[in-house]
Amino acid sequence: MSGIASVMTGWNAGKTRSVAPPRATITNLPRGATLGQPGDPAQQRRVLEATLALLAQDAPLEPVYLEES
Amino acid sequence: MEILEDRDRWQAKFGEGWLAHYQQTGQTDFKQYPTPRNRTAPTGPGVDLTRSRLVFITSAGGYLREEQEPFDAPNPLGDYTTRLFPASTPFYRLAYAHTHYDHVAIDQDPQVQLPLRHLEDLVVEGVIGELAPSVISFMGYQPDVSRVIDELIPAVVEVVRVEQPRAALLVPA
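Protein chains in written order, with this note's numbering: chain Z, 1 to 69; chain L, 1 to 173.
Please keep in mind that the hints were generated in silico from the structure rather than gathered at the bench. Heads up, the beta-carbon is just placed ideally off N, CA and C, and yes, glycines get one too. Wrong hints could be hidden among the right ones.
With a Cα cut of at most 20 Å, we get these calculated EDC-like pairs of lysine to aspartate or glutamate [to be verified]: (1) K15/Z to D144/L; (2) K15/Z to D109/L; (3) K15/Z to E2/L; (4) K15/Z to E163/L; (5) K15/Z to D29/L; (6) K15/Z to E5/L.
Simulated restraints, written as ranges between beta carbons of each label pair [to be verified]: (7) Y92/L to R31/Z: 22 to 28 Å; (8) R93/L to Y65/Z: 31 to 37 Å; (9) Y65/Z to V104/L: 21 to 27 Å.
Chain Z is nowhere near these chain L residues, computed Cβ spacing over 10 Å in every case [said to hold, decoys possible]: (10) G17; (11) G26; (12) Q27; (13) T43; (14) D48; (15) L64; (16) R65; (17) F85; (18) A87; (19) D102; (20) Q142.
Could you build the full structure based on these sequences and the hints that come with them?
Dropping the structure here:
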């Protein structure tokens, strides 16, 4: 999407890196719970906010690893 | 900039390997699947999110359960269509057609994949300027990358053209 800033978060480091996204965070969360564990809104917010924060930076960025599982 | 570098080479490997095997046997064999690879990431300036409209994009297969057709989740060749629904949609109106991830977590707490209420909170808190009216939803099992480029991406771009976000968040399932 040329012209707008984009960011993603993913649990699969290999697949995320393979497509060379402009901005990304990578976690150790399980497939199906990309933003955090169910019933843990604080974790979901941490992942979401850390991911959205990358939008302030010019792309491309190296993917940022988050210690979330 | 190309969405997929060396698309022709990828398409040839996909067609001669994974797709040919499926056409001959009716079975999918991901040992034959050529992983799409880019060497160069897109460039572009950052944005001040506090003053920006953000569009949320999800590949979790979400759709309006009483108003939209579910995605063709069991199709071994994938589904490349999109569904749009309001970012304000209450979760009870959503269902998820995607057979390639465990639905236990999303059924218990949809915000593990679709953080719609968190995003609304972030608008109230001033972290995000505003949300684009529509969520762009698709079902992320899409083995044919050429169809992603030719069918899915144009549909996404059209929503971006109409709703004019300055930023996008993708949460894959």
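So, going through the hints one by one against the coordinates:
At roughly 15 Å between alpha-carbon atoms, K15/Z and D144/L fall within 20 Å of each other, so this suggested pair holds. Distance restraint check for K15/Z and D109/L: the Cα-Cα separation of roughly 25 Å exceeds the 20 Å cut-off, and the hinted pair is therefore not satisfied. At most 20 Å may separate the alpha-carbon atoms for a hinted pair to count; K15/Z and E2/L meet this at roughly 18 Å. For the suggested pair K15/Z and E163/L, the alpha carbons sit about 29 Å apart, so the restraint of at most 20 Å is broken.
This hinted pair checks out: K15/Z and D29/L have alpha carbons roughly 18 Å apart, not beyond 20 Å. Restraint check for K15/Z and E5/L: the C-alpha separation of about 15 Å stays at or below 20 Å, so the hint holds. One distance hint, 22 to 28 Å for the beta-carbon pair Y92/L and R31/Z, holds here, with the actual separation near 24 Å. A hinted range of 31 to 37 Å holds for the C-beta pair R93/L and Y65/Z, which are about 35 Å apart.
Taking 21 to 27 Å as the suggested C-beta distance range, the pair Y65/Z and V104/L conforms, at roughly 25 Å. Even its closest Cβ contact with chain Z, about 17 Å, leaves G17/L beyond 10 Å, as expected for a residue assigned away from the interface. No Cβ of chain Z comes within 10 Å of the Cβ of G26/L; the nearest lies about 26 Å off, and the non-interface call holds. The Cβ of Q27/L sits about 22 Å from the closest Cβ of chain Z, beyond the 10 Å cut-off, so the non-interface label holds.
For T43/L, the condition that its CB be more than 10 Å from all CB atoms of chain Z is violated, with the nearest at approximately 6 Å. For D48/L, the shortest C-beta to C-beta distance to chain Z comes to about 7 Å, within the 10 Å cut-off, and the non-interface label is violated. Every beta carbon of chain Z lies more than 10 Å from that of L64/L, the smallest distance being close to 21 Å; the non-interface claim holds. Listed as outside the interface, R65/L is consistent with that label: its C-beta sits roughly 19 Å from the nearest C-beta of chain Z, beyond the 10 Å cut-off.
The Cβ of F85/L sits about 18 Å from the closest Cβ of chain Z, beyond the 10 Å cut-off, so the non-interface label holds. Distance to chain Z confirms A87/L as a non-interface residue, since its nearest Cβ pair spans about 14 Å, more than 10 Å. Once the 10 Å rule is applied to beta carbons, D102/L is inconsistent with being away from chain Z; the minimum gap is 5 Å. Every CB of chain Z is more than 10 Å from the CB of Q142/L (nearest about 13 Å), matching its label as outside the interface.
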